[in-house]
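Line by line, the protein sequences give chains A, B and C. Quick note: the first sequence uses the working numbering, first residue 1, plus one each step. Quick note: the second sequence uses the working numbering, first residue 1001, plus one each step. Quick note: the third sequence uses the working numbering, first residue 2001, plus one each step.
It is possible that part of the hints are untrue.
[What the hints assert, rightly or not] To spell it out: a stretch of chain B is covered by chain C in this simulated footprint if at least three of its residues, at any positions, have a beta carbon under 8 Å from a beta carbon of chain C; those stretches are: (1) 1141 to 1152; (2) 1157 to 1168; (3) 1177 to 1184.
[To be verified] Straight-line alpha carbon distances no greater than 25 Å define the calculated SDA-like cross-link-like pairs of lysine to any residue that follow: (4) A/Lys65 <-> C/Leu2088; (5) B/Lys1163 <-> C/Arg2097; (6) B/Lys1163 <-> C/Ala2015; (7) A/Lys114 <-> C/Lys2059; (8) A/Lys65 <-> C/Lys2111; (9) C/Lys2111 <-> B/Glu1154; (10) B/Lys1163 <-> C/Ser2024; (11) C/Lys2111 <-> B/Gln1360; (12) B/Lys1426 <-> B/Thr1287; (13) C/Lys2027 <-> B/Arg1155; (14) C/Lys2111 <-> B/Glu1297; (15) A/Lys65 <-> C/Phe2090; (16) B/Lys1163 <-> A/Arg33; (17) B/Lys1359 <-> B/Gly1268; (18) B/Lys1163 <-> C/Glu2109; (19) B/Lys1163 <-> A/Val136; (20) B/Lys1163 <-> C/Leu2095; (21) C/Lys2111 <-> B/Glu1357; (22) C/Lys2027 <-> C/Leu2095; (23) C/Lys2027 <-> B/Val1143; (24) B/Lys1163 <-> B/Leu1213; (25) C/Lys2059 <-> A/Arg33; (26) B/Lys1205 <-> C/Tyr2013.
It should be emphasised that the hints constitute simulated quantities derived from the structure, not laboratory data. For glycine and all other residues, C-beta sits at the position ideal for the given N, C-alpha and C.
Now for the letters of each chain:
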Amino acid sequence: MSRQFNMRSLILSTGTTIILPLLLLFSLFLLLRGHNEPGGGFIGGLVAAAAIALKLFADDYPSAKALLRVHPLQLVGIGLALAALSSLPSLLVGDNFFTAQWWTLPLPIFGDLKLSTPLIFDIGVFLGVIGTVLTVIFTLVEAEH
Amino acid sequence: MDMSVLIALPVIIPLIIGALSLVALNNHGVQRILGVLGTAAVLVAAIVLIWQTWLNGIKVLEVGSWPAPFGIVLVSDLLGAIMVLLAAITGFATAVYSLKTVRKRFERFGYYPLLHLLLAGVNGAFLTGDIFNLYVWFEVLLVASFALLIQGGERAQMEGAIKYVTLNLLSSALFLTAIGLLYGLVGSLNMADIAVRLQQVEDPKMVTLVAMLFLIAFSIKAAAFPLFFWLPASYHTPQVAVSAVFAGLLTKVGVYALYRVFTLMFTGEVDFTHQILLWMAVFTMLTGVLGAASQYEVRRILSFHIISQIGYMMLGLALFTPLALIGGVFYIMHHIIVKANLFFVAGMMYRLGGSFELKQLGGLYKKHPGLALLFMIPAFSLAGVPPLSGFFAKFILIKAGVEAQAWWAVAIALFVGLFTLFSMIKIWNEAFWKKAPEPAIEVPAPYRNTALYWTTGLLAAMTVAIGIFAQPIYVLAETAAQQLLEPQRYIEAVLGGAK
Amino acid sequence: MTTLMAILIGCLYAAAIYMMLRRSMVKLLIGLILLSNAANLLIFTVAGLERGVPPLIAKGAETVVGGSADPLAQALILTAIVIGFGVLAFAVVLLHRAYEVIRTDDMNEMKGTD
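Using the sequences plus the hints, can you model the full thing?
Shown next, in the form of structure tokens:
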């Protein structure tokens, strides 16, 4: 571990264990409300990436990396694939390429759930942003070693 | 479902394939297979696209069903379709060539995803009908090219990359500035719509000013005189497959953007704007070829020749006569294939001869006559020796120059052709003809190079074919040039033709 | 206000180019950052400076009544900022790596490829 991250603070470390799940939840909340209200995949992804960066500062690099499980670039790949594939359902119904498609899913108790290709696109952006930001941060951390 | 989705395929396929090979980050076998299959799929899509565009005229796709001029449109006119086809050929050749040349180390750092991202960016730039979208695609291909350029992390690569990154970011900022001013002037981003509205702008001086900003921004990307220094500083530093795809495609995106912008939008003060283009073209040709004369490293010689060739392409646009535009389009077709191929051959010279330095090479003709032939075809084509593709490209341009009575430009174009021949003969004499220097360089044990011979051989065959079938290719270039000279057709297809 | 913005943008461009012409890599990077910010501000300004008129269509109305801020220009800037962020993040990593390999911050020392 490099010197920079040896200043472990007990307060920050303990605080992070509580804040981290909240931040991740909040990022999902931002992602899902994003269609008509402020929020969306980009800002949600930034919040999630910030949460993992917080883990990096509070604990150490290996634990932050373990939190992500996959390589951040793979996350970018999944996100990009989702975003690109969300352009295709419109072709099945005969609309122009990339035209937004909406499906309503009737659920018991919760009422109707609206699903759409913009949502898939946004999830792709969400994953892509997390992956990109963390790739940059992790690369800089590794450069310190 | 109509066929307009075809226009999106050359962009969306590389994006999806690139994303999938990013997911398979640690599985190099899957990445290689995806690389070949993906680029092959794009090649098929590009062939169908150009066929459809040839038969049915300009095709337009309103992405997401948002009507023009408000949404983003993808437009495939013949120039765009030709460029996409050339990019697809280069991409496929590079993917096959990479199988045997790209080191494991680079594959682990995402070589294939970056290659696909680069191709998506290039194709997006060729097909978009929206000026801001063009900027976005430029940035996509730029980011991919940055990362490809520094794979390996050697000192020369870093130095080259800093120059490359700085000048390209400067160019992007100027491009963005120009877009901002243009938007303030006409309030639209759709290129066809801008072309219509520019005719009603009361202040033609302001339009010319914005046009000059675009000219500077794109000519940096195209490595035209005077801001070309980043190219010879960086293009010889990455691995050969990357150099080849850069040499074939990247500067040509800049040239394409110049062609698009200065035939569709900024045709109000041709006397002024295209006169500047003419001088830039002349100096670009001259500096490139003179720079090459002083070099003794194969890739650096070839890099400088990219610059001089860019000059020819700009000459076609600058003269702005029907014949000159035909010559320009023909030249682009000839150049992309020849240039990528020459870099591929340079890579094989390195494998078989052990060096890129002419002083250390030698005797390759005796040992590898096949390679010598593969070098000779694109090299002589580049210099303009009949009956290869370069001869017809240069011939059309020079004839156009004579007809336009641009004597200086014609004289310099001929002179530069002669010097190009000199450079190619220099490589031939030093690397192939002269005896191998003593002591010979240690070359790693020979291994199977079949894939490499196939790639370069096919590209060389294309060069010969463009020369032999010059007439149909000429007709294709002629139709593309006609579409460029009558922007009304493009405008109608985008604004009027769609529902 | 527009005049003030124009002067500010001009100063930003000038400062950016001045910084880019310095010999230090870090100052070069600062120059690039200033340059992209200047371009963004320029788009913001040329699209017209409006205050307190969001481009929202009132309930029951068909179009925006009266003048409104141009949302497209702001969307452009947002896109350009995101792209600029990505590219500059890359440039930071590049300069860091370059410094480790070349061991100097002085652009004049980087003549190996000229």
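The hints, checked one at a time:
1. Residues of the segment 1141 to 1152 of chain B lying with their CB closer than 8 Å to a CB of chain C number 5, which satisfies the three-residue condition for coverage.
2. Three residues within the 8 Å Cβ limit are the bar, and the segment 1157 to 1168 of chain B against chain C gives 8, so the coverage statement holds.
3. Against chain C, the segment 1177 to 1184 of chain B contributes 6 residues with a C-beta closer than 8 Å to a partner C-beta. That satisfies the three-residue criterion, and the hint holds.
4. In summary, the hint linking lysine 65 of chain A to leucine 2088 of chain C is supported, as the alpha carbons are separated by about 24 Å, within the 25 Å threshold.
5. In summary, the hint linking lysine 1163 of chain B to arginine 2097 of chain C is supported, as the alpha carbons are separated by about 14 Å, within the 25 Å threshold.
6. Taking the CA atoms of lysine 1163 of chain B and alanine 2015 of chain C, the gap is about 20 Å. The hint holds against a cut of 25 Å.
7. Of the supplied pair hints, the one linking lysine 114 of chain A and lysine 2059 of chain C holds, its CA atoms being roughly 23 Å apart against a limit of 25 Å.
8. Restraint check: the Cα-Cα separation between lysine 65 of chain A and lysine 2111 of chain C comes to about 39 Å, which exceeds 25 Å; the hinted pair is violated.
9. Annotation: proposed proximity of lysine 2111 of chain C to glutamate 1154 of chain B holds, straight-line Cα distance about 14 Å (limit 25 Å).
10. The suggested pairing of lysine 1163 of chain B with serine 2024 of chain C holds, with an alpha-carbon distance near 13 Å, which does not exceed 25 Å.
11. The suggested pairing of lysine 2111 of chain C with glutamine 1360 of chain B holds, with an alpha-carbon distance near 23 Å, which does not exceed 25 Å.
12. For the proposed pair lysine 1426 of chain B and threonine 1287 of chain B, the alpha carbon gap of about 18 Å is at most 25 Å, so the pair holds.
13. In summary, the hint linking lysine 2027 of chain C to arginine 1155 of chain B is supported, as the alpha carbons are separated by about 20 Å, within the 25 Å threshold.
14. The straight-line distance between the Cα atoms of lysine 2111 of chain C and glutamate 1297 of chain B is roughly 16 Å, inside the 25 Å bound, and the hint therefore holds.
15. Distance restraint check for lysine 65 of chain A and phenylalanine 2090 of chain C: the Cα-Cα separation of roughly 20 Å lies within the 25 Å cut-off, and the hinted pair is therefore satisfied.
16. About 43 Å separates the Cα atoms of lysine 1163 of chain B and arginine 33 of chain A, which puts this hinted pair outside 25 Å; it is violated.
17. For the given pair, lysine 1359 of chain B sits about 52 Å from glycine 1268 of chain B by alpha-carbon distance, which is inconsistent with the 25 Å threshold.
18. Distance check on the hinted pair: lysine 1163 of chain B and glutamate 2109 of chain C sit about 13 Å apart at the alpha-carbon level, within 25 Å; holds.
19. Of the supplied pair hints, the one linking lysine 1163 of chain B and valine 136 of chain A holds, its CA atoms being roughly 21 Å apart against a limit of 25 Å.
20. Between lysine 1163 of chain B and leucine 2095 of chain C, the direct Cα distance comes to roughly 11 Å. Compliance with the 25 Å bound is thereby established for this hinted pair.
21. For the hint linking lysine 2111 of chain C to glutamate 1357 of chain B, the alpha-carbon distance of about 19 Å falls within 25 Å, and the restraint holds.
22. Distance check on the hinted pair: lysine 2027 of chain C and leucine 2095 of chain C sit about 11 Å apart at the alpha-carbon level, within 25 Å; holds.
23. Restraint check for lysine 2027 of chain C and valine 1143 of chain B: the C-alpha separation of about 21 Å stays at or below 25 Å, so the hint holds.
24. Between lysine 1163 of chain B and leucine 1213 of chain B the CA atoms are separated by roughly 21 Å; this keeps the pair inside 25 Å, and the hint holds.
25. Of the pairs offered as hints, the one joining lysine 2059 of chain C and arginine 33 of chain A holds, with about 22 Å between alpha carbons and a cut-off of 25 Å not exceeded.
26. Between the alpha carbons of lysine 1205 of chain B and tyrosine 2013 of chain C the distance comes to roughly 22 Å, so the proposed pair stays at or under 25 Å and holds.
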